[in-house]
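Trainee: Order-wise, the sequence lines are chains A, B, C, D and E. The number in the numbering used here is simply the position in the first sequence, starting from 1, with 33 added. The number in the numbering used here is simply the position in the second sequence, starting from 1, with 33 added. The number in the numbering used here is simply the position in the third sequence, starting from 1, with 657 added. The number in the numbering used here is simply the position in the fourth sequence, starting from 1, with 20 added. The number in the numbering used here is simply the position in the fifth sequence, starting from 1, with 5 added.
Any given hint could be a false lead.
[As the list claims (entries may be wrong)] So, partial list: chain A residues that the calculated Cβ filter (under 7 Å) puts toward chain D:
#1 102
#2 124
#3 130
#4 138
#5 144
#6 147
#7 151
#8 152
#9 225
Because the hints were derived from the structure by calculation, they are not lab data. Treat the numbers as computed from the prediction; the structure is a model and nothing was measured. We put the beta carbon where it would ideally sit given N, CA and C, even for glycine.
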Amino acid sequence: MKDATVDVPAIELRGIRKTFALSDDENAQRVLALDGIDLSIRQGEFLTIIGPSGCGKTTLLRIIASLILPDDGEVMVEGETVREPGLKRAMVFQTFGLFPWKTVIDNVMFPLQVRNEPAETARETAMHHIRQVGLDRFVDAYPHQLSGGMQQRVGLARALSTGADILLMDEPFGAIDAQTRELMQEELMRIWQEEQKTVVFITHDLDEAVLLADRVLLMSRGPGRVRETIPVELPRPRFDYDVRGHEGFAKVRGHLWQALRNDLVEQRAEETS
Amino acid sequence: MKDATVDVPAIELRGIRKTFALSDDENAQRVLALDGIDLSIRQGEFLTIIGPSGCGKTTLLRIIASLILPDDGEVMVEGETVREPGLKRAMVFQTFGLFPWKTVIDNVMFPLQVRNEPAETARETAMHHIRQVGLDRFVDAYPHQLSGGMQQRVGLARALSTGADILLMDEPFGAIDAQTRELMQEELMRIWQEEQKTVVFITHDLDEAVLLADRVLLMSRGPGRVRETIPVELPRPRFDYDVRGHEGFAKVRGHLWQALRNDLVEQRAEETS
Amino acid sequence: MLATISKPRVLLPLLSLVVVVGGWELVGRSINPLLFAPPSVVAQQFAELLATGELQRAATITVQALFLGYALAVVAGIPFGIVMGAWERFGDILQPYLYAIFSTPRVVVVPLIIVWFGIGFEARLFLVFFWSAIAISVNTAQGVRHARPDLVEVARSYRANRVQMARHVLIPGAIPFVVAGLRIGAERAIVGVIIGEMFLQIVGLGGVIQKGSEELLPAKMLCAVVIIATLGTIIVTLLDTFEKRFQNWKGDAA
Amino acid sequence: MSARSRKDVRRDQLIGVAVFLVLWEVTARALDNPLTMPPISAILAALLDLILSGELFLALGQSIFLLIVGLIAATVIGFVFGALIARSQTAYWMLNPYFSALFVTPTIALVPLVLVWFGFGFPGRVIVVVLAAVVPILFSVASGLRDAPGDLIDVARSFGVKGEIPLLFTVRIRAALPVLMAGLRLAAGRGVVGMAVAETYLRLGGIGGLIKSYGAMFQTDYVFASILPLSLLGIGLVTLIARVERRLHWT
Amino acid sequence: QTFDLSGTEVTIGTAQAQVLNVGTLRMIEMLESWGADVTRVELPNISGLEAIVADRIDVAARSSDEIISGQSRDVDVVAFGAPISTMHYAVVSSEGVASMEDLEGGAIATSGPGGFNGMLFRYMLRQAGLEPEVDVQVVPVGGSSERAAAVMAGQVQATIVYIDNWLAMKEQGANTQLLGYVADLVPGLSSRAIYAPREYIEANEELVTAIACANLEINHWINSSKEDFVSYTMDNVRGANEAAVSAFYDVAVEIEMFPTDPQAVLNTSGYQALADLMHDGGAIEEELDAANFVTHTYLEEAAGMGCGTGEMAS
Ligand SMILES: Nc1ncnc2c1ncn2[C@@H]1O[C@H](COP(=O)(O)OP(=O)(O)OP(=O)(O)O)[C@@H](O)[C@H]1O
Ligand SMILES: Nc1ncnc2c1ncn2[C@@H]1O[C@H](COP(=O)(O)OP(=O)(O)OP(=O)(O)O)[C@@H](O)[C@H]1O
Ligand SMILES: [Mg+2]
Ligand SMILES: [Mg+2]
C-alpha cells in the first residue's frame, strides 16, 4: 500500500524557525523558541525527542501537527507541504487536552465523530482503545474523576483511535507509573510494528527514549536547535530480551546523558559569565 | 526549636477511608479510593509514595493537606487533629494549579500575599525561589507562555516560598527532563536537610523514589491500601557518590519493582477470572 | 485568526455608518412623518433643540442620574454578587427574588416607587440602580460559582480567606460573567433612567421622548433616542476594552 | 466549595419564602395603604379569585405562548449575532455599535416603528419580546465566545475540526456554556418584561392586559395578583434553565 | 328597519376597557349584531391617530384632541360620533385643599408639558386667578396612576384623573378628595370622539351611519336604566367596583355624558373650544375651524331613522 511512496519521508522539516511574542503588543519582546530546524523522518520510523525543559520540543511537535505555523520554513508530510492539521497526524498532548464536559468514551470518540463515523463502529473502536489503556471500568467517568495517569491514558486512547499513520506524542507516559508505563510501551511498540506507523515521541526519560527509538533526536537548550540525532541499532522486538543490559543501550544512553549534561554545564557557564 | 516535640510524628493518619460518588445523585455508585490507611511520618522524614496509576496517591496527599476530608479516620499534624488546610503544610499539585491570570512572580507570591507579607520581602522571597528553579528569565511570563516543565517548576517554587515545615509534593518532577530533574532533586535534598523539613513525595519513578527517600510507601492498586513501607538506609548525602551503584539501592529498587509487578499480575488475573 | 485585521477599525465603522444612516433616511422618508423621521429631519430638530438649550439641559439631568445610579450599581452589585456566589446558601435563598424582581416590568411598580421615593431624583436613581445592580450581581454570582475547582483548592491549601479567595481566584475567573453583567446592567440602567423620566416627573431625555410622543413629533423623540443610544454604545465599547485588558493573560487563543 | 444538595437549597428557599411573606404582610398592615401596598393575604385572595374565574389561565396561556416564541427567536438571533461579534473583528466593528444602540433604546420609542412594520398582532408583539430578551443573550454569547480555551481548540483542530464554525460548535460554545446560561437566565426575565410591555403598550392582552386593567381601576391587590404569576414565570424559567445547565455541567 | 352589515369588516381602536367607555363595548356588540365583522383593538399607549396613520385601524374611539392634533398635522380625520360627550376628568386634591385657590404655593401634577390635561389644568388655574409656574408649580408626571400616586404620596397637592378612576380610588380608601369635575369647572368642552379619515367615511357611509346609530342607541340605553348599566359594566370591565360604578352613573347622568340629541352628542362648539384651548396652550400652531372636521350628518340621519329611542336594539 505504502510501497509507492516509501522513499518519500513521512515528515520533512526545512529551516523551521519560531518565535513567540511575550505580549499582544506589536513591539513586544520575542522569545526564540526554535531556530532553524531541519529534519527528515522516514516512513515507519520511531523517532524520540529528548531535550531540556523549555527547549522547544512541544513547540516543534505542534508545528509538525500544523497547530501553529512556523515564522520561517516549511513542514512536509509525505512530500506535500502542509499548513493545516490533517487526519494523517494524531497528537497526544502533554497537558492531556481532555474535554472536561465529555466522559472518557466521548472524549475518545471525539475524532471519530468529527469524521462522521457511524456511532456504532466509532463506539467499538473507542472501546477497543480504552481497553488497551486499561480504563474499561471508567468509560463513563468524567476527566475530573480520574487520576492524572488515567487522564493521560485517555488522551493516548484518543490518538490511537484515529488510526492515523503518524503519531505525535508529547510525553505521553509522563504521568504514568513505571509498571503501567512498561505495559503501555509494549502496547505502543506492538501497534507501531503491526500497523507500520510513524511515531514522533517526546520524553524526558532517557531509558524510554533509547528503548523505543530507531533514532533519538537530541535538542539543545533554547533557542531550540537540533544538537544531534543518534541512531539506535538495537535488535527488535526489544521487550523479549534484557535490552537495558545490551551494550548498545548503555552506549547510547551514556552518550545522551553526557550531551545533556554538557548542555547544562554550558548554560551555567553562560549564566555566570 | 523542635526538640520538645521531636517524638510527636509530623503527620499521623488513622484508619483513613475515602470514597467518591460518580455523580451528584445521592444513590450514585461510589468508588472506594482509599481503604483504611494508617501511617505515621516522623518529623524531618522524607517519605516517597509509589503505586500504580489511580491507586489513590493524590487522594491521600489531598487528605493529608486537609483539602478533602476522609469518610472515616483522622489526620493529625504534630499531634493535633486537623480538618482545615494549615500554613505548616504546603502542596505541589500534580496538575500544577497555576493561576492563568497571574504571571510567574505573582503565582509564586500568592501564598505570601495571602499571609499579608510586605510586598518587598514577598517579592524577594519569591524571586529567590524562582531563581532556584531556574526561571529567572520568565518572572513576568504568564503560565500559557511556559512549557509544561517550566509550569511545574513554578508550582514548586510557590510551595517552597511558603517556608512550610511539611512539603506535600505530587509528582513534582513528572514533567521535567532528566537533567533538570537531577538538579531539582539535589536542590530539594539540600533544602530538606538544611531546613529540616518533612517531605511527602509522590513519584512514579522508582529510581527517584529510592534515591530521595528515608522510607518508601508502596500502595496497592485500588481500593488504595498500604502494601508495605520499605526503609531506605543508604548513606547521605546521596549525590556525592554513585548511589545507583550502591548495592542497597539495587536491592530496594528490585524489591519495589517486583512488588509492583506482582500487583499488576494479580490485577490481570482478577480481570480475566 | 480574524483578530489580525486591524486597519478596518476606522474604515469599517465609517462604512457601516454610511449604510445605516442612508438606510434610515430612505426608510424614514417612506413612513408617515407622524410616526417616524429621517436623519435629515432629526438633525434639523437637533439643531433647534440645541439652540434653545433644551437638549443640553435634558442630557445633563439624564446623565447625572444615570452615571450616579450605574456607578452605585457596579460598586454594590459586584461585591454583592461575589457574596452570593461564594456564600452559596445566601445566594440560593436570595436569587429567586432577584430573578423575580428582574422579570417584573418596572412600569407597573412605578406607583410603589412614588410612594417610597417620591417622583424626583431619588426615585429615578432607584430605578437606575436597582435593576442594574440585580443584573450585575446575579451574573457575577454565576461567574463565582463556576470558579475552577482546582484553583479554588490551591488557594484553600494556602489558607486564603474569603476576601483573598474572591480577589485572587473567583473574580479573575468570573471576569467574562462580570463584564457580560456590566453590559446588561448598563442597558438596564439606561432604560431605567428613561422610564423614570417618562413616568415619574417628566424631565431629561426621557422627558424629551415623552413630549415628542405626546406632541406627535418623532424627530424630537429621535433626537433624545440618538443621544441615549450613543451613550449606551460608548459605555458598552468601554466595557469591551476593559474586558480585553483584563483578559490579556490569555494571549492569542487560536 | 462543597456542592450543596438540592434538598438543602429547597429547604433554605422555602424558609426564605416564608420569611419574605411574613415581612410583607407585617409591613403592609403597618402601612395600611391598600392602594400602594396591599397585604399578602389580600393579594392571595385576589389571586384565588383570578384563578377561579379562569381569567388568569386564559391570560397566562396567551402570554406564555408569546413568551416562548419570543424567547426562542431571541435566542437564535442573539446567538448568531453574538457569535459573529465575538469571532469576527469585521462584524464587531460593523455591527456592535448598532446593536448596543438598539438595546439601550427604550422599547417605547420603537413602538411606532413596530406598529408600522409588524402591526399590533402577534408578529409585532413577538418583536417587542425579542427586543427585550435578545440583549443578555447577545452580550453573554459575545463575552463567552471571546474567551477561548486555547488548549482545547488545539485538540479539536488536531483531530480534524476545521474552520471557525465547526470549532464554534465543537468547543467554543460548550466551553462558554456557563456564561451563555447566565445570559439566558437574565434573558428569560427580560423576556417576561418584554412580554408584559408588548401586552400593555402595543395592544392590551394576556397578563399585561390584566395588570393594566386592574391598575386603571386602582385594584392594587389584583395588580399584584397578576404580577405574581409573571414573577413566578420568571423564576420558573430560570429554574428550568438551571436544571438544563446542571445536566450539561460536568461536576 | 335595522342595518345589514354582513360582509363588512372594520377594525376599531379604543381606549382600554374601563367604566368610562363601556358604551363603546356595547356599541361594538350592536354592530356585530347587525352582522359586521368588528375587530376591537385596545390601544393603551399608542394614540388612535398613530394607529390610523400606520394603517392598522379604520375607526378610532378616542380622545377628541387627537383629531385636532391630526388636523393641525394634515391628517384629515373627521369626528362623526362620540362615546362620551362631556369632559371625563375629575380634579383630585390632597386633604386640606378645598378649592383651586388653596393650591397657591403648592404643586400639581399633569401629563406631559404639551399634553392636553396639562393645558386644561393651566386654564383652570388661570380662571381661578392663579398663574401657573408662578403661583403654582406644575410638575409633569408620566401616567394617570402615577399622578394619582403622586397626590396620595403627598408629592403634589392636586392632579387630574378620569372620573371613574377617582371614584375607584375613593372606594379603595384613598386619602384624597374631589376638587370638582372638569365638566363643571370648564363646561362645554368635547371629550371623546368616534373618528375616521374622511375618505374612509365617504367610502363607507352605511357603516358610518350604523356606528352613529349605535352611538345614539347606546346612550339611550344608558340613560334609561342604571341597573342595566351597572350590571353590564360589572360583567365587562375587569376590576370594576360596584359602588364606584353606581356612583359613576350618577355623575354621568348629572353632567350629561351620554345625550341622545345629535347636536349634544357631537357638539361643534365644544370642539371649537377645545381647538382654541390647544391653540392658546401652544399645542397647535394654526387656528382651526371645528366645522371642518366635525360632521353631524350621520348622527342626524341615524336620528331620522329612529336611532336613540331604544327601538333599534335587537
Ligand atoms: N504561547 C507562547 N507564548 C510565549 N512563549 C511560548 C509560548 N509557547 C511556548 N513558549 C516558549 O517557548 C519555549 C519552548 O516551549 P516548549 O513548550 O516547546 O518547551 P518543551 O521543550 O516542550 O518543554 P517541556 O519539556 O518543559 O515541556 C519556552 O521558552 C516557552 O516559554
Ligand atoms: N473527584 C473525584 N470523583 C470521583 N472519583 C475520583 C475523584 N478523584 C479521584 N477519584 C478516583 O479515585 C481514584 C484515585 O485517584 P488518585 O488521583 O488519588 O490516583 P493517583 O494514585 O494519584 O493516580 P496517578 O498516579 O495516575 O496520579 C481513581 O480511581 C479516581 O478515579
Ligand atoms: Mg513540552
Ligand atoms: Mg495523582
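Trainee: Compare the structure with each hint and give your call.
Mentor: Right, here's what the structure says about each hint:
1. 102: For residue 102(A), the interface hint is violated, since the closest Cβ of chain D sits about 12 Å away, which is over 7 Å.
2. 124: holds, 5 Å
3. 130: holds, 4 Å
4. 138: violated, 14 Å
5. 144: Nearest chain D Cβ about 4 Å off; hint holds.
6. 147: Holds. Min distance 5 Å.
7. 151: violated, 17 Å
8. 152: violated, 16 Å
9. 225: violated, 19 Å
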